[in-house]
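Got chain A; can you put chain B on it based on the hints?
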Amino acid sequence: MFVRLVYESFRRQKRRKVLAGIAITLGVAVATAMIAVATDVGDKISRELRSYGANLLVTPQEDTLDLQIGGVDLKPPSDGTYLNEADLPKIRGTFWHHNIVGFSPMLPVNVSVNSKNLTLVGTYFSKKLTFGKEDFRTGVRITHPWWKVRGTWPDDESQDVMLGERLASRSGLQPGDQVAISGQSHHISGILSTGGAEDDQIVAPLSVAQKILGKLGAVRRLYVSALTKPEDALARRDPSTMNPELFDRWYCSPYVQSIAYQLQEAIPHSHAEQIRQVAQNEGTVLSRIKGLMLLITLAALLASALAVSAAMATAIFERRNEVGLMKALGAGDSSVAALFFVEATLLALIGGLIGFAGGAVLARLIGRSIFDAQITIDPVLFPVILAIAILVTFAGSALAIRRAVKFDPVYALRGEA
Amino acid sequence: MSSRPVLELAVRRANKPHTQMFLRMLMRAAVLRRGRAASALLAMVVAAAVATAMLNLYVDVQAKLRKEFRNYGANVVVVGKDGQSLPQGTLSQVESILNGHGLAVPFAYVVARTQDGQSVVVSGTDLEQVRKLDSWWSVSAWPQHSGDALIGVRAAGVVSPQNKPFDLSFQGRSIDLTPVGSLRTGAAEDSRIYLALTDFEKWTGVEPSTIEIAAAGSSEDVDAIIQKLVEAVPAAEVRPVRQVMEGEARVLGKTRATLLAAAVMIILTSALCVLSTLMGWVFDRRRDFAIMKALGASERLISGFFAAESAVLGAIGALVGFGIGIGAAAWIGRVNFHAPVVPRLSVLPPVLIGSILVALISAGLPMSLLRRVQPAVILRGE
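The listed protein sequences derive, respectively, from chains A and B. Residues in the first sequence are numbered consecutively from 1, following my numbering. Residues in the second sequence are numbered consecutively from 418, following my numbering.
Don't take each hint at face value.
Cut-off 25 Å, straight-line C-alpha distance, at most; resulting in silico cross-link-like pairs (PhoX-like, lysine-lysine) [claimed, not checked]: (1) 645/B x 484/B; (2) 645/B x 498/B; (3) 17/A x 128/A; (4) 116/A x 498/B; (5) 148/A x 481/B; (6) 229/A x 484/B; (7) 290/A x 481/B; (8) 671/B x 148/A; (9) 645/B x 290/A; (10) 215/A x 90/A; (11) 484/B x 290/A; (12) 549/B x 484/B; (13) 671/B x 229/A; (14) 229/A x 481/B; (15) 581/B x 498/B; (16) 128/A x 90/A; (17) 619/B x 581/B.
Bear in mind the hints are in silico, worked out from the structure with no lab data behind them.
Chain B with its partners taken away, still in its complex shape:
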């Protein structure tokens, strides 16, 4: 009768203190060997931080560079068929399709005559938007008031060499313009005169024939926008600006490939750093290993103990390193792109899993070496 509770107690004892002892050994190992554990942890943290920063940059740099590439201006143009004006309301349709992910600027063109009979191209547009779309335009002053005009540097020599107000006529209707700024782009714009669209329409009655669009996002996003535009505006032709889109794709692809190569090399180096530190750390504790074995611990328990220890180390290192790495990536973003790199939580799982894996491998290698050795040999210090 009395043997049963005793047995139960023995079973309970055998089970319960087991886990407690296990945790206690883990804790004491970290506390007692502070120096070695700290240096192993440091290696882990640095490696995880570098890996996080590199991966985060790799994921985010595309978005950052895309923003720079949008400075090349429009990547899609919508033009009326055969140079006709676009149907009314096209601009608002385009803007609703873009839904804030880009910029759409209307342009209307006519060939007007100066007082001495010279032909010049005059364009009406939304000057506020052009300023954002075509950031490379070198403009001395942007028109503010009605009747102000922006004159291309080559057109200036023809219409208003002394920068005086001048008249232009189109189909018998004339307009009086004041040149307020000069425009230099090195391309066809230099020979044109730009007006606010409202002035232009009042004068000529001509509606915009072109909408230039700078659509944001990846090439798939841009393709999707083009597709939607084709469906929404059947009266117009929608053309991708291949010069801009292909150049962007090429440079981005090469940059990302270089970055990937760099990331792989750096991550491998830091993994190696962790490997050598942790291997030394585990190898250094062969006496603990031998004593545990001499006291009758099973191989599985010892392996479990070392594995748990390095997994915990890997996890802590990865978490702390992740925080530091995010900070480093944000700093690089601030310094280089003047905009912080957005922290990507999607980077955490690979870093965490990678760190734990590297830690387990670095524990496993010396363990398999030690397993073959008799505890007595280690304890004798040979």
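One chain only, chain A, in its complex shape:
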């Protein structure tokens, strides 16, 4: 009899059931999408923050002082020590290599163009490297996304060079022209604009700079761009004072400090340091945006909970006559309440199911259109969302059910609500 009651109620009151169902579905969809976006937004923004460029700098351990003013290197090229280019692919073998977005070696050398002294910087543009069986590409096009080129980027294996924008306008050279650098003629593939010191320099593939310097495999500095976790108390501790257990935890967290430590392990005789301008601010910006999204998700959950309860309350309130009739025929308070609760649960399950699927689609849509990346939904979310849906539907119905049950059947049947 009970099952039949529930069945008939769904069959005959399609309009009301559909209205309440739509409210639950939409509420769950919005909640799912917001939770998915909020849990993933940190990761996505962290990737966007990489557009600030490298957050780690690797230098030779026994290096002499940098003599850099306004980005121009005044250090005699013979001075100091170098990193070995052959060690660079080992970065892919570190524990957090998935978090390393890219790296670019830099080798500034002094050259003369038309008897004027200039700086030429050798680097990777989008160099193909191999570590183990894995091929990957890295270079300034990944680590320095604000570099803009008029013309084309030089090939890493070629002898082509790029001129800085101000240097090019001073010398009147265009992409496609030839330029004599220290006696050798090079093809200019593009004009580089960075807003920094490179605008007055020549940028060339690393091998060109090494040949001019006469030191094969030499790298002066290495910029590494890595996805990191905001710094906390553990991150700031000195690893040499940690016990083995704590050290493991530190080592296995993607703090900028532990990635620096691992880079030093991977590249012999090197010193890795966080670039504080980028690394420190990243943490604050990230935590602000994450906090904001969390609070907004709470607002979304509140709004959907209210929408669901309002719809349920209205649906039940409209059925006072039915309650009156059931009670007049001898139904007890508990069996009337049970009927409503079972109906609410069924609605919540159906609405929750469809809503979860809709929310997943919504989250993907947001991810695709805003971040050009997939927002994945953790399957763990499914039971959680469903439980929340049932809970909210119950909570929303409870008050209305109580009032409906307490209502005198005589008034209800006479229609004097």
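Below, chain B alone, put in the same frame as chain A:
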């Protein structure tokens, strides 16, 4: 003769009590059906509050995040052409252009020699201002007195490994410095020594060659400042720091887009909540509707009555909700950004109009359904 005043009275009666009756019906409807009206109003208030908070955050979050992004330091630099010193008075010109909307810090550089002949870059600057501009500098202690120096961690190993006072010479003139603090940034600053600008100028006679500027405001504001600087200081080059400006634009754009998507979803959900509650409320009163119709009220009057009722409800809900929403936005600002979100009155009109519109739609839908039904059918309770 006597028919005219009677007619006039009838006309007056027909007009005057009409509006009075209308208002009275509105009032009584709210008072007598307190419970239902209150629940409809509650839905309205919550929806308006959520919409206000979201819109307010959306408008204000840009300013809040921009402040965080200014921690990345300078977004514009002014440098003397070919590494020359800037003309005297450039700093005050820059500061008058900024007019308080930003920070300008001068830097002067020379390469000095230590006692054992090593080269090191020494910079003179306004240390008070640098501390504000470059908040990421990790400094053990800032110099307070004349003759104090801030030493980069890598420079420290060369000039003063034991943290003892040392001498530097530049073009035959020497200076005696006391290292008071060490500086760590992970970049070129680690290899430098920083002095107060007055000490530096007295020692070397070199004037600042670079002014680093953190200009506040949107990218258009910054562009306008750059334009003004180019005109005001023709002897210098003015460069935007693209690394900082483009990174900021990107992250801000994405955050705002996410926020907008969230705001749209949340506002739609709360509008739906209002719609279902109000529709139920109006539908529930089909008996009133039928009685009014049976007593001879015109369709227009009944529609007007229900429309006025829901418009009033929407307006009250929007006003109360606006107040609560502003509070919620301020709270979120306090919790997340440690600065309250400024209440934006510009948010009120859209919230008010939106609320009234949603209320009218939710009244209109059941009305159009009921209009087709004979009053007798409703009154018989079918």
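Quick rundown of the hints versus the structure:
no.: 1; hint: 645/B x 484/B; in the structure: holds, 22 Å
no.: 2; hint: 645/B x 498/B; in the structure: holds, 18 Å
no.: 3; hint: 17/A x 128/A; in the structure: violated, 60 Å
no.: 4; hint: 116/A x 498/B; in the structure: holds, 17 Å
no.: 5; hint: 148/A x 481/B; in the structure: violated, 29 Å
no.: 6; hint: 229/A x 484/B; in the structure: holds, 21 Å
no.: 7; hint: 290/A x 481/B; in the structure: holds, 14 Å
no.: 8; hint: 671/B x 148/A; in the structure: holds, 21 Å
no.: 9; hint: 645/B x 290/A; in the structure: violated, 37 Å
no.: 10; hint: 215/A x 90/A; in the structure: holds, 21 Å
no.: 11; hint: 484/B x 290/A; in the structure: holds, 16 Å
no.: 12; hint: 549/B x 484/B; in the structure: holds, 13 Å
no.: 13; hint: 671/B x 229/A; in the structure: holds, 20 Å
no.: 14; hint: 229/A x 481/B; in the structure: holds, 22 Å
no.: 15; hint: 581/B x 498/B; in the structure: violated, 37 Å
no.: 16; hint: 128/A x 90/A; in the structure: holds, 14 Å
no.: 17; hint: 619/B x 581/B; in the structure: holds, 22 Å
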